[in-house]
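4 protein chains.
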Amino acid sequence: MPHHVTDELLSLWGVLKRNGYRFVQYSVLAAGIVAMAAMTVPELRGESGSWLRIVLWACLGFFAAELVAKSWPKKSRPKKSDPDATTYLFSLSGLIDLLSVLPIPLALLFGASPQSAWLLASLWLLKLTPVGAGLSLLGRVMQQEARPLTSVGVLFLIVLLLAAVALYALEGSVQPERFGTVPRALWWAVTTLTTTGYGDAVPQTSLGRLIAAFVMVSGLGLFGLWAGILATGFATEHRRRDFIRNWDLVTSVPFLRNLNAPAIIELTRMLRRIDLPERSMVVRQGRPGDCMYFIASGEVEVRLEPNPIRLGAGAFFGEIALLDGSPRTATVTTTMPSTLLILEVSDFRAFTAHHPELARSVEVEAARRRDKQNDGAAKTARLSPEPLENSGDG
Amino acid sequence: MPHHVTDELLSLWGVLKRNGYRFVQYSVLAAGIVAMAAMTVPELRGESGSWLRIVLWACLGFFAAELVAKSWPKKSRPKKSDPDATTYLFSLSGLIDLLSVLPIPLALLFGASPQSAWLLASLWLLKLTPVGAGLSLLGRVMQQEARPLTSVGVLFLIVLLLAAVALYALEGSVQPERFGTVPRALWWAVTTLTTTGYGDAVPQTSLGRLIAAFVMVSGLGLFGLWAGILATGFATEHRRRDFIRNWDLVTSVPFLRNLNAPAIIELTRMLRRIDLPERSMVVRQGRPGDCMYFIASGEVEVRLEPNPIRLGAGAFFGEIALLDGSPRTATVTTTMPSTLLILEVSDFRAFTAHHPELARSVEVEAARRRDKQNDGAAKTARLSPEPLENSGDG
Amino acid sequence: MPHHVTDELLSLWGVLKRNGYRFVQYSVLAAGIVAMAAMTVPELRGESGSWLRIVLWACLGFFAAELVAKSWPKKSRPKKSDPDATTYLFSLSGLIDLLSVLPIPLALLFGASPQSAWLLASLWLLKLTPVGAGLSLLGRVMQQEARPLTSVGVLFLIVLLLAAVALYALEGSVQPERFGTVPRALWWAVTTLTTTGYGDAVPQTSLGRLIAAFVMVSGLGLFGLWAGILATGFATEHRRRDFIRNWDLVTSVPFLRNLNAPAIIELTRMLRRIDLPERSMVVRQGRPGDCMYFIASGEVEVRLEPNPIRLGAGAFFGEIALLDGSPRTATVTTTMPSTLLILEVSDFRAFTAHHPELARSVEVEAARRRDKQNDGAAKTARLSPEPLENSGDG
Amino acid sequence: MPHHVTDELLSLWGVLKRNGYRFVQYSVLAAGIVAMAAMTVPELRGESGSWLRIVLWACLGFFAAELVAKSWPKKSRPKKSDPDATTYLFSLSGLIDLLSVLPIPLALLFGASPQSAWLLASLWLLKLTPVGAGLSLLGRVMQQEARPLTSVGVLFLIVLLLAAVALYALEGSVQPERFGTVPRALWWAVTTLTTTGYGDAVPQTSLGRLIAAFVMVSGLGLFGLWAGILATGFATEHRRRDFIRNWDLVTSVPFLRNLNAPAIIELTRMLRRIDLPERSMVVRQGRPGDCMYFIASGEVEVRLEPNPIRLGAGAFFGEIALLDGSPRTATVTTTMPSTLLILEVSDFRAFTAHHPELARSVEVEAARRRDKQNDGAAKTARLSPEPLENSGDG
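Protein chains in written order, with our numbering: chain A, 8 to 401; chain B, 8 to 401; chain C, 8 to 401; chain D, 8 to 401.
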């Protein structure tokens, strides 16, 4: 069990090491935003204002250095996946990087008070990586469902305006402070239709309350439709995205490549992809096995007792637990950042029911492995479903 | 990159030009509603009341002119899709147009104060086009799911009334101002059950609070059911509507018409339709390609370097990126308002797995195009399945 | 178009006539509940107390009479679908009927003030028919999803208690009135976790607010899960219920009975059932046709110009618009309460793609009809797909 | 009908008896938590403080005894499903048990006031069994949907911070108490974005209100996406989990084992599992039958009039109502804790349409049963596929 804890810690460390730069970047980002927020609190500004200012300038410096490094001509840079400088500067990511660096000094230059200028540090949050993915996801779903979303949005607008006008007419003279103009009544309508309900403006007349009740229920109804549309759109987008990501991986596994096209399609829909950093534990000995794994890229180590063995891209493991329902026979960890494809037991059975050839191949392979284990044979054969032996406790 | 910006602007301009009339109409609508709201603010009414009144009368005049023009005998009107005058006046759209013009002068005539009369300008919002679509969508979903929605609605009513009566009994004497009558307690119940929570009426007794807690949780539960029902109904309706819209388009593409019936059904489910104004960019050179396009109507221009070519209805493009995974080889823009059918890469692969004949036809066509390009027979029909050349700007 | 309005009114009248008794019952119910609520308002009780009391006693009398009539030995009663008296008294519906009659006189007998006793009139709401259906739906979904719903419910409880204890510890001394005991803090927690937010108790300390923010976000998360579970459960239940309702209807249509079992299953999943009162308009001439109809029971009249014809159970209509995409060729209305099965155009095409035999039969029938129309032949043949001719405008 | 009530009560008693220990445990838990909450109310602490303290110490003692009993070496313990002591102590359940016992005496030992120390009793809630299941469910869904959930979470953060900074800039000088610092504005932003809306901080400027309206609508939108993601994730997880649970049960029914692999897959997807305590009523005579049952483990008694018979694991019942649509012919109750697999009528028909062999087997069996009944061979095996008779109470 303490072994277990060690593994978990190592696994966590692997994640940190792999994401080292991002970890530093996010720490700087968090420090900067906390400092920005602290700057607005008079007590903290009084006591430790100079420290906060140093933190803020340091963060700005860090992001400026990052911008310069990224837009520098690429010869000297090691990562070849980086785009070249001009492309970068005109991309969304380049724009965000510019937005986190330039506005603050410009605002100071044009005479804004430091306190106001540093508020622009809130733009640093846009540097978080999932922002792009989130906006892209939202964008795709909104584009696909543009028509129904617009329809619901327009219904929302109409309920909003009609309710505001009605309440203005009904309560305008009773509570002039709250419903005395249509814009004020609109403020009430929006807090009510979204069921936020601040309670700063509350209708007093019976008819006003009846309309308010109708607005609240409409709010729930419109929001239910809204959630339904987004849920439908998201589910569609999700399936599409997974399919594209999995397709190339599936065809990169030699074992699966020989299946006919409809089978590959079916399997692509079933497999789930995970990206693991090095030293992640994939399977723990003795646990029940509810899936098998295909290695799309990277390498794993099967911790068989005397001589652990390694499996590389194209190999699979974890099939024994699926075939006979026994618990996992060995612990498996990654030795380098790896991409695995997971086939759940339910999908494995559904798939092999229609495509017995895969089951047979897996069984042949599993039998061969077990035999080899019994022979007590060698410990080489890293990259394959073909030569995959191990000696020892077999 | 600046080239890119120009394209985007042109594309935006295309949208505006195409929707020119609607753009003017919506601007008038927005101006009118803003003026109506401003009229209710004493300061604005004082300062610029006469200007606001001019704007409002101008908007009313615009809508009146529109009504007259639409209901005029059709001989002299160019758009033949317009229905004849009487049909129009008795349709939903005609009713809305009447509702935006008549009530205001009538109200003024019958002695309403101008301030009240102009509130009726909020009805102008009903002229927004998506209103019809939105109401029709809502109507279909509500009709399909009428029984469960009614059931949930009745449960909602029961919880509402029982909670109100219980709170009236428990808190009526403690807070007579807020729970002293059943209608007042109902007001509390509706703000609580919809989780709006104004906070103007809050139970004070322990038992009252227990019941309130139960009401809040019921609110979440009922709303969850409600959202679930609407989501289910919407997903069904969505699929049905898309199918109908796509079916006729699919059978209008000669290339697809020869497929057998089940294949057409399958393809109809997969294709997504988009309507584009003229000069829209469909595909940008160098971008990764994740779908191919069939032209249902309209025309596109493929910007091949020396001589751009044009493709008309029935042609397809974008298939090369799907077949070999390469980035887009040319930029494609529409030359007139066009309707395209999009086949995503995931669906393309799934479809061709079961219907290899489509894949083969597409490949043959792609090969032919590539050959033609290599022959240098640049000016003729490189990308169309039938020769759809044009010599003008080619 | 005025013709159209007449039809709609007749259609509405048909609904009312058919549901006559229920209409009276619901009116009594609404009157009783409004009177009950009005009784609690001092001004109304003062002015028109005696009238309200008469209404309430009248409603009670009505429900008592209903109870007696329903539980009377069945010989003399016409409706044979009514269960016998003892079964009725021990059923849910009998229990509700008892609950609406007995408690009020009992309460008055045991010395409750009339004002309190009449509050029990709120139980009359349980007599609404959809209550049973709603509770049964809710019950089925809750039973099917019992495990995940319980899990989420327990998580809800834990967040609730932990947040309350934390806020009690943090804010108990700052705001003893609001967070001074754990029950008070629980009240805050439940208004926050359900995002109701009365605002009567608001944390003031920074840490308290941080925890409150976490509670709000947890509320959204738990509620999202909750809605997801209910949506999934509802969708499943929905499909199951529709299938059972449609199965017997499908097998009662002779035209469909000859299909093989898988086809019947498929069709049962596609058809949607509607129950129409007499004189309902099903199809209006000239409208686009997006579905065809099978008559499960009842009768419809096809308003062909000189001699309208009638179709009975087992017949189908509306197929011509599906086959050639033309608008509806005649208006169809029901002549008695009827149950129809609707087959959408999308499902019709999907189904006939896999089962061309149905398409062929429908086409043969449609051709025969058109021929007969051209022959100008007779006008009998009511109940059938077989002899279905009409003379006149063909 | 009173027979019915007796059955229900017996059934309830069966549940209680079977879950006897858990019932005691949960009662102790509830008592402890109520006592903990009561301790914080000054009046109750004054009056009955000593009693509350006794209850709390008794609960603590109970949980301590439970901890000791569970971690005791296993020789002397009857339940063999219990894990051994060290495994238990390092498991999640062991950790929770430790957390409910140790912290309170430790806190008292280190000088915490009894009032504070007993607050830790809120941790007892973690002992509820569904906690594990709930967390595991939540964990699986969150892991599967990690990417979109993170994206939405980050968008949530960005809207939160930008809105807070904007409101700080706009309203900071107007309402310094509420928007005077960014952390205060953040508090407003979180109550608004989650649509909780306490109303303690409300923007007053027009621009502030416009931004607030945008934040509320964003809140609905983000939450709709969030609910959609969780719903999609939950539906997937649900299907997977059911499949795994059902698979082994299906293959344990001899009658089903002979089906080919795709049929078993299909059936596994259709069956729903229920676990019943002893003396539960499964089927009531005279009710309409909408499903049949397979006994995965346990035993049921079919209450046929002269001689009830018993069916054990591997048998099925309830098929007659499915085959001919008649009501249930006999009442069936469990005689011991049993696991049944339910096949709904809709699924039965769908399945037998594709796999007529099952329908035939079921019909043969049903015919055999009916023959036997007619022969009056009452005492033997009427309803079991194999003779599973019992002579005891028959």
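Source of the hints: derived by calculation from the structure; they are not laboratory data. Some hints here could point you the wrong way.
In this list, chains with the same sequence are indistinguishable; a pair is considered to hold if it fits within one copy or across any two.
20 angstroms max Cα-Cα, derived SDA-like pairs, lysine to any residue [said to hold, decoys possible]:
| no. | residue 1 | residue 2 |
| --- | --- | --- |
| 1 | Lys134 | Leu116 |
| 2 | Lys77 | Val62 |
| 3 | Lys134 | Arg154 |
| 4 | Lys134 | Val161 |
| 5 | Lys134 | Glu273 |
| 6 | Lys77 | Leu67 |
| 7 | Lys77 | Leu133 |
| 8 | Lys134 | Leu169 |
Just so it is clear, the structure is predicted and the values come from calculations on it, not from any experiment.
Exercise for the section: List, from low to high, the hint numbers that the structure doesn't satisfy. Expected result: Violated: hints 1, 2, 5.
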